[in-house]
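S.K.: Sequence:
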Amino acid sequence: MRKKMAITSEKFHFRECCFRSLPENGRKLVWEITHKCLFGCTYCFQSRKRLQNPVRILHPSDLEKVIGKLSELDVKDVLLTGGEIYWTRDSLEAICSSLRTAGITYSVSTAFVHVGEFIDFLLSLKPRALNISLDPKAKESQEIYLKQVQHVETVLEKCQRAEIGVKATGVITRDALKNCDAYIERLGKLSEAFPILSSIYITNPYDIGYIKTNVRPSEKALREWLKRAILPSSLTEKAKFVNFYMFNAPLQACPAGTKLVHIEPDGNVYPCHLFANLPRETFLLGNLVNDEVSEIKKRLEDFGRHTAEAIDEYKQNEKCLRCINRKECGGGCVAELVSVGQLVEPQLVCRYIKPPAKIPIFKPNPQTSLPFDKLGREDLTSEEERKIVEYITQNMRSGHDLAHGRDHVDCVVRYARYIARQEGGNLRIVTAAAYFHDFEPRRKLIYESHAEYSAQRAVEFLRSLGFSAEDLEQIYHCIVTSSYGAFELGHIPMSIEAKCVRDADWIDAIGARGIARVFAFGSAHGCEALGAVEWSLNPPPKKTMSRIGPDPSPIYHFFSKLLWVKDSMATETGSRLAEKRHKRMLRFLEDYKEEMNFNDEGS
Numbered sequence: 167m168r169k170k171m172a173i174t175s176e177k178f179h180f181r182e183c184c185f186r187s188l189p190e191n192g193r194k195l196v197w198e199i200t201h202k203c204l205f206g207c208t209y210c211f212q213s214r215k216r217l218q219n220p221v222r223i224l225h226p227s228d229l230e231k232v233i234g235k236l237s238e239l240d241v242k243d244v245l246l247t248g249g250e251i252y253w254t255r256d257s258l259e260a261i262c263s264s265l266r267t268a269g270i271t272y273s274v275s276t277a278f279v280h281v282g283e284f285i286d287f288l289l290s291l292k293p294r295a296l297n298i299s300l301d302p303k304a305k306e307s308q309e310i311y312l313k314q315v316q317h318v319e320t321v322l323e324k325c326q327r328a329e330i331g332v333k334a335t336g337v338i339t340r341d342a343l344k345n346c347d348a349y350i351e352r353l354g355k356l357s358e359a360f361p362i363l364s365s366i367y368i369t370n371p372y373d374i375g376y377i378k379t380n381v382r383p384s385e386k387a388l389r390e391w392l393k394r395a396i397l398p399s400s401l402t403e404k405a406k407f408v409n410f411y412m413f414n415a416p417l418q419a420c421p422a423g424t425k426l427v428h429i430e431p432d433g434n435v436y437p438c439h440l441f442a443n444l445p446r447e448t449f450l451l452g453n454l455v456n457d458e459v460s461e462i463k464k465r466l467e468d469f470g471r472h473t474a475e476a477i478d479e480y481k482q483n484e485k486c487l488r489c490i491n492r493k494e495c496g497g498g499c500v501a502e503l504v505s506v507g508q509l510v511e512p513q514l515v516c517r518y519i520k521p522p523a524k525i526p527i528f529k530p531n532p533q534t535s536l537p538f539d540k541l542g543r544e545d546l547t548s549e550e551e552r553k554i555v556e557y558i559t560q561n562m563r564s565g566h567d568l569a570h571g572r573d574h575v576d577c578v579v580r581y582a583r584y585i586a587r588q589e590g591g592n593l594r595i596v597t598a599a600a601y602f603h604d605f606e607p608r609r610k611l612i613y614e615s616h617a618e619y620s621a622q623r624a625v626e627f628l629r630s631l632g633f634s635a636e637d638l639e640q641i642y643h644c645i646v647t648s649s650y651g652a653f654e655l656g657h658i659p660m661s662i663e664a665k666c667v668r669d670a671d672w673i674d675a676i677g678a679r680g681i682a683r684v685f686a687f688g689s690a691h692g693c694e695a696l697g698a699v700e701w702s703l704n705p706p707p708k709k710t711m712s713r714i715g716p717d718p719s720p721i722y723h724f725f726s727k728l729l730w731v732k733d734s735m736a737t738e739t740g741s742r743l744a745e746k747r748h749k750r751m752l753r754f755l756e757d758y759k760e761e762m763n764f765n766d767e768g769s
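Residue numbers (our numbering): 167 to 769.
Just so you know, nobody snuck in bad clues.
Restraint ranges, calculated between C-beta atoms of paired labels, are given here:
1) 306 with 256: 26 to 32 Å
2) 745 with 551: 27 to 33 Å
3) 323 with 186: 22 to 28 Å
4) 545 with 225: 52 to 58 Å
5) 390 with 307: 22 to 28 Å
6) 348 with 386: 17 to 23 Å
7) 186 with 398: 18 to 24 Å
8) 761 with 545: 42 to 48 Å
9) 230 with 287: 19 to 25 Å
10) 403 with 313: 26 to 32 Å
11) 551 with 746: 27 to 33 Å
12) 548 with 761: 45 to 51 Å
13) 256 with 231: 15 to 21 Å
I should point out that these hints are in silico values taken from the structure, not numbers from a laboratory. C-beta atoms are modelled at their ideal positions from N, C-alpha and C, and glycine is treated no differently.
Please work from the sequences and hints to get the whole structure.
M.R.: If you want it as C-alpha cells, here you go:
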C-alpha cells in the first residue's frame, strides 16, 4: 500500500477528467462538429462511431440554430473539436463569429499541426486556447516522430506570439510505454521553452468499448514505469495524469451534465463526449436542432442528479465504507464507471477497488440462428414453475417501484402465455422469460441495463434447473429484446417467443393498468409534477423518451412512449389487445386535458 501511495500522492497529479477549467456558473460545451478524421490513431475510442455515422457538418442554418440555443443550456465556454476540425475550416469563421456575438468563449482542438496555414487560420479566430496532440513515440520511425515534434514547436512559437494558451494531450499506449521516459523529458523541455504551454494531459486510453486489442498498457507495466519515472520540475504543476483510476483515490466528482455537455455533428446531445462513444445510445438526451431546449436542459439536470444519487449508492459497498477517503471521493468518471460495469451494473473503481473481470455469466453464441426449429418441452413442468416462482419471490431485489412489482410480473406472464397460445409460441420459453423479464430493478443511472442484467440472472438460475443451452439462448433473447428502450435502440425480437414476451410487457404498459403504472413510476423516480397535456392528440407528436431516468412527467411519458406502443406490436394478437387499451388512454388524456383547462366560465 505504501508503494502505491508514493506513486499517487508524492510524484504525480491524477485526474479522472480531461477538463480542468470549467465555468463556475454554467456549462462547458464539447462540440464535435464533424466525425471526419483520417489519422487512424490506434487508441481512438471514436473510430467505430465515425465509420457508422457519415455526418460531416450541419447546414449553416442548423449551426445557427444550435448556437442560438446554447445560452438556454447555460453554455459559457465551447471547445470546437472533431473528428478533425480541419475538415470544417470553411464553416469555422462563421461559427466563431456567432459564438462571439452570443458572448460565449471558445477554444479549438486540432491534430493538424503540420499544416502551418491552418494553424495561422485558427489563431486568427482568436480562440481562448488551442488544444493539440503530442503522443509518446510508438511505431513511427525516429525521423517521422521528430518532424511531429518540430511541428508542435512551431505551433507553440506561433501561440506564444499570439498570446494564446496551449493544452497538449498525449495517450500512453502499450506500444508507446517503453518510450515514455524520453517523452516526459521532451515535454519538460517544451514546457521550459514555451510558457504558453499551460496544461499537459497524459492519458490512459479510455476503456469504453471501442479500443483495439492490447492498446491499453497493463496495470503492472504502468506501475513499474510510474515508480521509476522522473517528472521534471517544469511539469510539476502543468502535467496531469488522466484516467489512471487504478492509482487514484479519492476520485473526482464527474462534471458530466452539470458542468459539461456534448453535441455530436448531427445535433445530438450527451452529458459529455465519452457517453456519445458508448456502444449504445443509452445516454442520448435529445437533438438540439429538432427538440425543445427546455426538455434537453431538464434531462441534463436530471442526469446530474441521478449521477450523484447513483454514486452515493455505489459508495455503500464494504470497501468504500472502510475507506478514509470516502467523504472526499466523488466517484470518478461516470463513463468509465459505466463501461467497466459493461453497461449492466455500473462499477466503482479506484486503487482500492479492482475492476471486475469482463466475463459475463452468459454470453450468447454469435453463431446461433434464431428462431430455433426445435426446442425442448412445450411448457414448464409444475415443479419447474414452482421453483421459478419461489426464486422470483425470494430474490427479486429491493428497489422495484410499484409499477414493476409482482403484480406486473404476474400480468406479463398471463398475457405472454395467452399470446403464445394464439401465435404458436413455446410456452416453456415464453413463461420462463416472462417471469424474469423485470427481475432486476431500474438503476438510478442506466434504466435500460435492467433487461440485460435480468437476462443474466435468468440464465444463471434456469441453468441450475437443467435448461438446455438452446433454451437459455432463447430465454436470454426474449428478455434483452423485451423493453421499449431496447426497441428504440434497434434490438428486435427475432423468435415468436420473444415477440410474445415483448408484446405482453408492452400491453401492461398501456390501457387502464398502464395509466396507473405510469403515475406510480413517476412518483417513485422523482417526477415533480403530473404534467399537462400541452400537445394535440390528433395526431400526437412523438417526444423523445429518456433512457437515463424518468421523463419530465407522467403525462409527457404518454407522448414519448405510451401512445406509440400499439403501432409497434410484434404479433396480431398483441395488436388486437393493444388497440382497445390505446383508446382508453386517449379518452383519459382528453378528460385530463379538459379538467386541467377548466375555468370559471365552465369550459
